Every structure is written in structure tokens, then in C-alpha cells.
Amino acid sequence: MQAVGGEVAYARALGAQATAWIRSAPIDAATIAIRHVTEVYAPRPWQFSVSANGTGTGIKALFATLVGILGLAGVLLAIAQRRRHWIFPALMATVSVMLLAPFQPVPRYTYLFYAMLAYCAAFLISSLIDMLIRARDGTDMPIA
199 MQAVGGEVAY
209 ARALGAQATA
219 WIRSAPIDAA
229 TIAIRHVTEV
239 YAPRPWQFSV
249 SANGTGTGIK
259 ALFATLVGIL
269 GLAGVLLAIA
279 QRRRHWIFPA
289 LMATVSVMLL
299 APFQPVPRYT
309 YLFYAMLAYC
319 AAFLISSLID
329 MLIRARDGTD
339 MPIA
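Numbering-wise, my numbering puts 313 at position 115 of the sequence shown, and it's gapless, one number per residue.
Just so you know, these hints were derived from the structure itself, not from any lab. You may find that some hints are simply not true.
Taking CB as the label site, the calculated pair distances span [stated by the list, open to error]: (1) D335 <-> F301: 43 to 51 Å; (2) A333 <-> T253: 37 to 45 Å; (3) A333 <-> A214: 53 to 61 Å; (4) A313 <-> T253: 18 to 26 Å; (5) A333 <-> R281: 16 to 24 Å; (6) I331 <-> T229: 22 to 30 Å; (7) A240 <-> L330: 36 to 44 Å; (8) I327 <-> G252: 33 to 41 Å; (9) L330 <-> A209: 33 to 41 Å.
No experiment lies behind these values; they were computed from the predicted model shown. Glycine residues also receive a C-beta, built at the ideal position from the N, C-alpha and C atoms.
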């Protein structure tokens with residue numbers, strides 16, 4: 199780092215190198231970005247060993263994946279039901295994740311998404327339970 203003139207010069211040189219690689223391999227860069235997005239919603243066990251001691255990484259990844267996938271399904275359900283107030287949770291759970299695409303998703307970058315995704319997953323589960331109860335009772339009235 200000192201050989202190139204310090205931390206700022208080093209960071210700029212790495213940035214220029216990364217930009218040159220992206221321009222020379224746009225399909226590879228897009229593939230990596232897509233993988234990063236999917237790893238936010240369905241993280242791999244190794245992602246949890248980056249900032250922790252490595253114990254329980256498989257179970258952490260499993261629960262995070264359940265929250266991520268059920269959360270996305272909850273967003274889709276809310277959009278399908280045309281719930282206007284869901285615009286902000288939907289944006290937080292989708293668009294902001296896209297902004298993370300260039301970066302390797304590790305818990306220190308992604309933990310904030312899981313609260314919103316857990317909220318969306320809870321909405322999905324409660325909506326499914328509500329639909330089952332209404333189907334059983336033969337009523338179209340939502341449960342208060």
C-alpha cells in the first residue's frame with residue numbers, strides 16, 4: 199500500500215483495476231452481481247463464518263434463507279393484493295438489496311434487511327393462516 203502512495207492511492211488503483219475488469223468481462227460481472235443478490239435472500243453458510251467464530255453457520259444460513267424467501271413471498275403477496283402502504287417495505291426488501299449487488303454480502307452488510315424480511319414473512323404467514331380459516335369457515339370476511 200505504501201509503495202503506491204498510501205491508502206487513498208491504493209484504493210483508487212484497486213477501483214480502476216476493478217472497473218477495467220468489469221468493462222472487459224461484463225457478463226462475468228453481471229453473474230457475480232446476481233449471485234450476490236441471491237446470497238442476500240438465501241445466504242450460504244460460509245457467509246456467517248466471515249464475522250463470527252464459525253459455529254452454527256449452517257443453521258444460521260437455513261434460518262436466514264427461510265426469512266429471505268418467505269419475506270420475498272410476503273412482498274409479492276402484498277403487491278398482488280395491491281396494498282398501497284406496502285410500497286416502503288417492498289422497496290426496502292428489493293431495491294435496496296440491488297444496491298448491494300456489487301459487493302460481497304456478509305452479515306455486516308445484510309443484517310438490516312432481515313428485520314424487514316422477517317416482517318414481510320410474518321405478513322405472509324398471517325395472511326395464509328387467515329385464508330385457511332376463511333376457507334374452512336366459508337366466509338370472505340377478514341378476521342379482525
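Going through the hints against the structure:
no. : hint                      : result
1   : D335 <-> F301: 43 to 51 Å : holds (48 Å)
2   : A333 <-> T253: 37 to 45 Å : holds (43 Å)
3   : A333 <-> A214: 53 to 61 Å : holds (59 Å)
4   : A313 <-> T253: 18 to 26 Å : holds (23 Å)
5   : A333 <-> R281: 16 to 24 Å : holds (20 Å)
6   : I331 <-> T229: 22 to 30 Å : violated (44 Å)
7   : A240 <-> L330: 36 to 44 Å : violated (26 Å)
8   : I327 <-> G252: 33 to 41 Å : holds (36 Å)
9   : L330 <-> A209: 33 to 41 Å : violated (54 Å)
In this structure, the hints that do not hold are numbers 6, 7, 9, in rising order.
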